[in-house]
Amino acid sequence: MSARNPGVEYDSSWFDNIHVNLPAVKRRAETLGTRRTVKKQWQAAWLLRAVTCIDLTTLAGDDTPSNVSRLCFKAAHPVGKDILKAMEMENEGITVGAVCVYPNRVADCVKYLKAANRPDIPVASVATGFPTGQVPLKTRLEEIKMAVADGAKEIDIVINRHFALEGNWRGVYDEVRMMREACGEAHMKTILATGELGSMVNIYKASMACMMAGADFIKTSTGKEGVNAILPVALVMVRAIREFYQVTGYKVGFKPAGGIRSAKDACTWLSLMKEELGDEWLSPHLFRIGASALLIDIERQLFHFVYGRYAAAHEIPMS
Amino acid sequence: MAETVAKTSKSNSNSVKEIFKTMSYGPAPEADNVAKAWLDDHGKDFGVFIDGKWVKPEGRKKYLTKNPATGEDLAWTTQAEKADVDLAVKAAEKAYQSWSKTSPHVRARHLYSIARHIQKHMRLFNVVESLDNGKTIRETRDADIPTVVRHFYHHAGWAQLMETEMRGWKSVGVIGAIVPWNFPLMLLTWKIAPALAMGNTVVLKPATYTRLSALLLAEVCAEAGLPPGVFNVVTGSGAMGSMLAEHPSVDKVAFTGSTGVGQTLRRLTAGSGKKLSLELGGKSPVVVFESADLDSAVEGVVDAIWFNQGQVCSAGSKLLVQEPIYEKMVNKLKERLTHFRVGNSLDKTMDMGAIVDESQRKSIEEYVEEAKKEGAEVFQIKDSVPSGCYYPPTLITNVQTVSRVVAEEIFGPVLVVLPFRTAKEALAISNNTIYGLGGSVWTENVPLALEVALGIKAGTVWINCHNLFDAAAGFGGYKQSGYGRDGGKEGLFEYVRPAWEERPRPGKVQMDLKTFGATLPQRPTFENVDNRQITINGVTMPSIDRTFKMYYGGGQKRPDAPYVRPVINPDGKVVGHVGEGNRKDVRNAVETAHAAAPGWGKRAAHNRAQIVYYMAENLEIRRDEIAGRIQLMTGRKLEECVTEVDLSIQRLFHWGAYCDKYGGGVQETTLYGATVKIHEPVGVIGMACPDSYPLLGFVSLFAPAVVRGNTMIIIPSQNYPLSALDLYQVFDTSDLPGGVVNILTGDRDHLTKYLTEHQDVQSMWYFGSAEGSKFVEFASAENVKRTWVNYGLERDWTDPEQGQGEEFLYQSVQVKNIWIPMGDIFAN
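Going line by line, the protein sequences match chains L and X.
Numbering-wise (full-length UniProt numbering), the first sequence opens with residue 1 and increments by one.
Numbering-wise (full-length UniProt numbering), the second sequence opens with residue 1 and increments by one.
Okay, chain L solo, but in the shape it has when bound:
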């Protein structure tokens, strides 16, 4: 595992002359899923890998300890024991990548993951006025610190769209830099809210600004925008990650979030990472999928792999 990205000095020349051709990006995105596929045990293995990359998420106003507890137990046991055993994977410690909640639920998560005997599963907290970020910087930074204090090991921050849309990339950079400091040891995922950035060029610039400011991950969206994790956006972001890596030697992770629901989609996303960034980006330390319903579909596919029959929804424990 390589060193954490410490960030670099702001330098707009890294993206001043960037060009992104959306139709061509879309064309590549459309063929990602048609050029590659995995079948049989490859599919099963890939799906298990996808499980380990899931940030199992609940981000709702009505979250309470009871549903968060259910989420944490599911995070610790994401796939049925019988299924894992049939694949000889029962001793591999398969869990999801993290659980992802609002700051107020971080303490609950820490508690329930301990209860589920998997305190090692990181708790990720959204912060900084998620999902819009339209609150004062002071409270945004304070929120990070409180979540970390409550035990969050990962912080998913949102960038300042006001600055981004005004072209104030220096402003975006400065804020994220402060957020990174506020995170301390906690890893920082920067949510670009790509569905609100207006253009692919802005997405590339936002990606670069965040990576320069020390992002550990760049993340597509909050799940609350009109357009969330889509492959064309992902392509632009992972290409920025590749460029950043080639220039600085630091590997930044990628997290698509929102709208990834099917097992087949999960394989396509893994394929995207493998093709564009390489095998190292197929691990939870560099790839996460923010999702809630996805896990159930993956488990159903694994059920089919093991038993040769399609599972009923009620056979799969809900999260």
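Hints in this document: simulated from the structure, not taken from any laboratory.
From a predicted model like this one, the values you see are computed outputs, not experimental measurements.
There's no promise every hint is true.
Said to hold, decoys possible - List of simulated lysine to aspartate or glutamate pairs, DMTMM-like, C-alpha gap at most 25 Å: (1) L:Lys40 <-> X:Asp32; (2) X:Lys17 <-> L:Glu92; (3) X:Lys328 <-> L:Glu243; (4) L:Lys85 <-> X:Glu18; (5) L:Lys26 <-> L:Asp16; (6) X:Lys170 <-> X:Glu801.
Assemble chain X onto chain L, guided by the hints.
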């Protein structure tokens, strides 16, 4: 509960645990059981499909078709002989009697039904095509077969609309279609869909390596209810292809394939009165500017050169990269090839499959080895390629325009990369080729993209994409990439002829092609000279001698070799002299025509119109004088001659009107964006005028070509050239730029010979003898120039249909389609 269900999975060396660690790709094979069962249905032994049924003639040789990906034998197919070709053509001829008279609506229903039935059997087509050709199932599934279906639907529409959209045109007859192996089903569809839509019947010869999908289609068409004989498939050797092309009852040959074979077919059919369309080779540029989205351009290169193993006539095989980003682009491409997958064509995870045949693989290898010897840097990831008939995707640098791999079509997954400094230089390198099929431009700078797209001399230019095809946009070439278009309305013209015209059947024209056009200039005559006199103040004296000169580059020119040709009227009197042009005059005139071409082509259409109207105005001022000259030469009645002048003036108005009304249009392809059809000039056109109507014939030919931006060298009526020479004074007073219309007088066939043999003349129009027509078509093969000849037949130039029909526009333009994808909005 889960435990109640029996387990079916087994662990093996490729265990889940292992793969979980490596995250490797596994095999994802498409099942071939149904395709194999179809082969078994035929006992793995196919006859030919004629008149709606399978025919298995006795005693024919057989060809064993193989799966190039595995070397596995697939089936035996028939090597048809002359008798089989005769049978098929006869069936097509018979079917033509009713099919050509079938109402457009009924023909539309048939084509629609074919599209439907192909969709019903889609998976079978996907698999058969992949097995037979070695291309990936991904491509047959996502590109080849969907394009086939789309073509039949689109052309069902053209069948339905023929009477309104193709008014004035009629079907041709029996089409002999000869297609290659790279897109076996797709390219044959590009021939038969428009052919059937326009009321023709077809005999198809598929390529030797890839016959199965054509045979399957024949069966499916029969299932779809297509009447027997409308579509026949005959398999056989190249010699059999020649038999088909030469068959007297074949009215048109439609060919896609190599430039060499195209040239052979041109020579074989020369002078026969058959129509011919050729879609040939290419060496298409991919031009990447520093203002491009480089990562997207990398994927564009994948689409351009590693689509179908590079066995694509429009493959973007010549990558031109602007200097500041050259290194970066090359590095990105190399990185891209590290995760490029080559393997069994039925495996759904492959980027490339097998090369069609070992001989083709060897040919590719030879090109690359030769380049290596010349010092080229060859980048390949060899480990990624399985053994067998495969070739790795290849990137070649350190080569230049003189390198064979840069100049020639390799027809394999081999990309050469050259740097360039400026857009102008990029265009120069792009066009420094005998080919002109496709090209792509990569930049986010819109004015640059459009200018370069227009500047690339090719039938299709893609902006920020490459190798997109659609039935609504014609595909075909400039220069030695051929002529004619497949697809779009422009493609229909290859399968129709003007309604007034019968197919010319000059029979076997016996002639010596070597001595054609030999001439011996005339010597002085003093008998029978019509020495004109004038009386001034009661004094009779000789009229001042008028020397008619030739005209090129905007000036009156004496012949290179000062010999003279007398103009003799029907009474045998010499009424004037014109210069006797030779090959050096041709050379000079072609040079001036080329010099004038770029400027004339860029003139605003309005400006061209003004000039043509002005010609009409100036011609009318001299109406009586020029009518008199026609009378002097031809001895016709004066009023007839005046009518000829008046019709000529009308014709100038007719074509002047078309100056700004035939520029092209927007094609309704599946692209999100605009596919723009541009009617570009053909280039420099040679024209030999008929003797009948010495003025009207001349005007009828040059005017449509001039309005569409061509420049030309025109040989006026050999016997009656004087009135055409009067026109150069009209040109001079009408602001026509020098070099646009150039007039050479002399022996029509002598000048025709040198015009046709000139490598930089793009088209030759010839209205003379059957022999001359044959010569023009035969000699045109050398540089694959377009031709338009009359096979020695007269047409009535006074008749609007015959003298100013849509075919004049067709002959005056070549179609370029520019694909312009759009979009920057994806969310808020």
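Outcome of the hint check:
| no. | hint | verdict |
| --- | --- | --- |
| 1 | L:Lys40 <-> X:Asp32 | holds, 18 Å |
| 2 | X:Lys17 <-> L:Glu92 | holds, 9 Å |
| 3 | X:Lys328 <-> L:Glu243 | holds, 11 Å |
| 4 | L:Lys85 <-> X:Glu18 | holds, 15 Å |
| 5 | L:Lys26 <-> L:Asp16 | holds, 22 Å |
| 6 | X:Lys170 <-> X:Glu801 | holds, 13 Å |
Going through the hint list in order, the structure satisfies each hint without exception.
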